[in-house]
Amino acid sequence: MDVQVWTYILVGITFSIYIGIAIWSKAGSTSEFYVAEGAVKPLTNGMATAADWMSAASFLSMAGIISFMGYDGSVYLMGWTGGYVLLALLLAPYLRKFGKFTVPDFIGDRYYSQIARTVAVICALIVSFTYVAGQMRGVGLVFSKFLEVDIFWGVIIGMAIVFFYAVLGGMKGITYTQVAQYCVLIFAFMVPAFFISMQLTGSPIPQIGFGSTLNDGSGMYLLDKLDQLHTELGFAEYTSGTKSMQDVFFITVALMVGTAGLPHVIVRFFTVPKVKDARISVGYALIFISILYTTAPAIAVFSRVNLIDTVSEQPYEEMPTWFNTWEETALLNWVDKNEDGIINYAPGAAIVGAPVIQRDGFEIQRGQHNQVLITNEPTAGPNELYVDRDIMVLANPEIAGLPNWVAALVAAGGLAAALSTAAGLLLVISTAVSHDLIKKQINPNISDKAELRYARIAAAVAVVVAGYFGINPPGFVAQVVAIAFGLAAASFFPAIILGIFYKKMNREGAVAGMVAGLLFTLSYIIFFKIAYPELNTPENWWFGISPEGIGTLGMLVNLVVSLAIGMIYPEPPEEVQEMVENIRYPK
Amino acid sequence: MDRDLQGYWKENLKYLGILLSIWFIVSYGFGILLAPTLNEIQMGGFKLGFWFAQQGSIYTFVVLIFVYVYLMNKLDKKYGVNEEDA
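Going down the list, the protein sequences come from chains A and B.
Be aware that the first sequence starts at 1, since it is given in the working numbering, and climbs by one per residue.
Be aware that the second sequence starts at 588, since it is given in the working numbering, and climbs by one per residue.
For the record, the hints were derived by calculation from the structure and aren't laboratory data.
Hints should not be assumed to be uniformly reliable.
In the PhoX-like style, the derived pairs of lysine-lysine whose C-alpha atoms are separated by at most 20 Å in a straight line are [said to hold, decoys possible]:
hint, chain 1, residue 1, chain 2, residue 2
1, A, 449, B, 664
2, B, 597, B, 664
3, A, 587, B, 665
4, A, 41, A, 100
5, B, 601, B, 664
6, B, 597, A, 503
7, B, 661, B, 597
8, A, 504, B, 664
9, A, 449, A, 100
10, A, 449, A, 503
11, B, 665, B, 597
12, A, 274, A, 41
13, A, 100, B, 601
14, A, 100, A, 274
15, A, 26, A, 449
16, A, 97, B, 664
17, B, 601, B, 665
18, A, 337, B, 665
19, A, 41, B, 665
20, A, 504, B, 665
21, B, 664, A, 587
22, A, 504, B, 661
23, B, 661, B, 601
24, B, 597, A, 97
25, A, 97, A, 274
26, A, 504, A, 274
27, A, 97, A, 449
28, A, 503, B, 661
29, A, 41, A, 26
30, A, 274, B, 661
31, A, 41, A, 97
32, A, 100, A, 529
Computed beta-carbon distance windows for the label pairs [stated by the list, open to error]:
hint, chain 1, residue 1, chain 2, residue 2, range
33, A, 504, B, 660, 25 to 31 Å
34, A, 445, B, 661, 44 to 50 Å
35, B, 661, A, 291, 40 to 46 Å
36, B, 660, A, 313, 36 to 42 Å
37, B, 665, A, 8, 56 to 62 Å
Among chain B residues calculated to face chain A with C-beta under 7 Å, some are [unchecked claim]:
hint, residue
38, 611
39, 614
40, 617
The beta carbon of each residue, even a glycine, is placed where N, CA and C say it ideally should be.
The whole structure should be built from the sequences, with the hints applied where relevant.
Structural data, given as structure tokens:
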């Protein structure tokens, strides 16, 4: 059977499971809709958190990014796991004890201020919308690549599925579908990794494999070979990287702190019955996440070696068939600059922009070696090869010559990763509207039933808006991910930490801090990423910190402003201090 | 029951200090600041700094959370704030 048939079968089966769970777990009250009645088992919650957290980016793009960044890719590996230590030790148990529904709930009550609540709602909405648009795009991509469905229809199908189980089941439906989605995505990620590790090194465990010797009888370590290949081709050593140390440091902090401050992750710890369960379920979540996150760097190395070995200095006409398949999707391209028929792979971009295939009607135009022609201008540099980083995971099964069902599995896994994260984010958006805005600010006397109806309407509207951005992505989708983490790091994290660990922190300080951190971080990112992208080079950055890492400085700005302004104004009222005292003890 | 909540909080903060120091040393220390130095040491096919940045730090994070859970469950019992007694 070919890949497409397999993909229809696997995607069909997994989607039926998600829909079945949705029908079984229909939410009847706001408590069920927002936090699954706070009755989720820790192990279940850990698994759901892992699926919630690991998005299309973790599943499809991360290994590819690391593959091209080498050591520098460690910022994502450490940044997106180290935040869970902060969550477990500094946030989850106390927020669970606080025991309401949302992060703006905590900020609003702790700082006895509707302004603080509103600032938190706005942050939650910005962070979640930027994130969810990317997920919908991921769904559309998988559909169009594997099922040859138009991106438009891909997104519509994805929207319909998420709509069904998020709007119907709320947190309860989402939790149990996420468990199913975790199983699908982790299986889909590990199977090709096992096979490829076995092929290259003879060790089935990828985490060990990429530190082992090659299977080709040379006795050479895989990583040494990769460093050598890199040096020969003029790249920096794979295991050393090119970013400055302070930038790596700042980006890692921003990602860790941002992770711990993301509302769709935090809210998962409101769903377990006890403080004790909140602590341990962060631990379970990180175990489930680590399985993928320790495998990704291994896949990065395997696919890098495979890619260079297969294409570098080889005649185009001897390329395996997958090369041509992926050329036709415009994710891979070769421009024969020196007209020698040989693929010269070197540092630097090969062409200006992303490839646009030359077509005569629907017919793809081909060059003298039968290569796919594109309309882009070639660059002056020696590099002739364009490789999209997403290809490293998507094409992995084909590059390694694995059976068709494995490639189909990767498609189903990518969809599971994107849908699970999208659903978690949509819930945050709908809760922010129905609970934090309508119930807490506009109409406090609203009945539970009416609030639940508003929650469903908000979720439905959010699905449609997210779908729109998935089909018509704003040009800066990739950049806005930096905004999501930067904002979470510079706004929520310090406000929550001070709220728990500094009893005397008052609303004036907290609000001023959040606003200052937010504005500082936003302006820096907008300046370099959107307004003046041509200035976005290390010489122009403050202290050599890239926009990706600026959230760390924003967090410090927030802390300093909070503490300074907080000193001027009176202490918080007695009952707030008592509340802080109270959340510090499980009972 | 007279519970020494101040004592509980103090011990909690002590645990946090120790565990977060380890968290910092392993990831930011071994994985970033000392990585170039540690890369001189080879462990199997891995340069040690590279290994900490892409593998070791993640394993350490998992262990740290479970140690914290263990310590806190014991601490909750010691000060009588554990939820089972409810």
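### Query
Among the hints numbered above, which are violated by the structure, and what are their numbers in rising order?
The structure conflicts with hints 1, 8, 10, 13, 18, 19, 20, 22, 26, 27, 28, 32, 35, 36, 38, 40, although it agrees with all the remaining ones.
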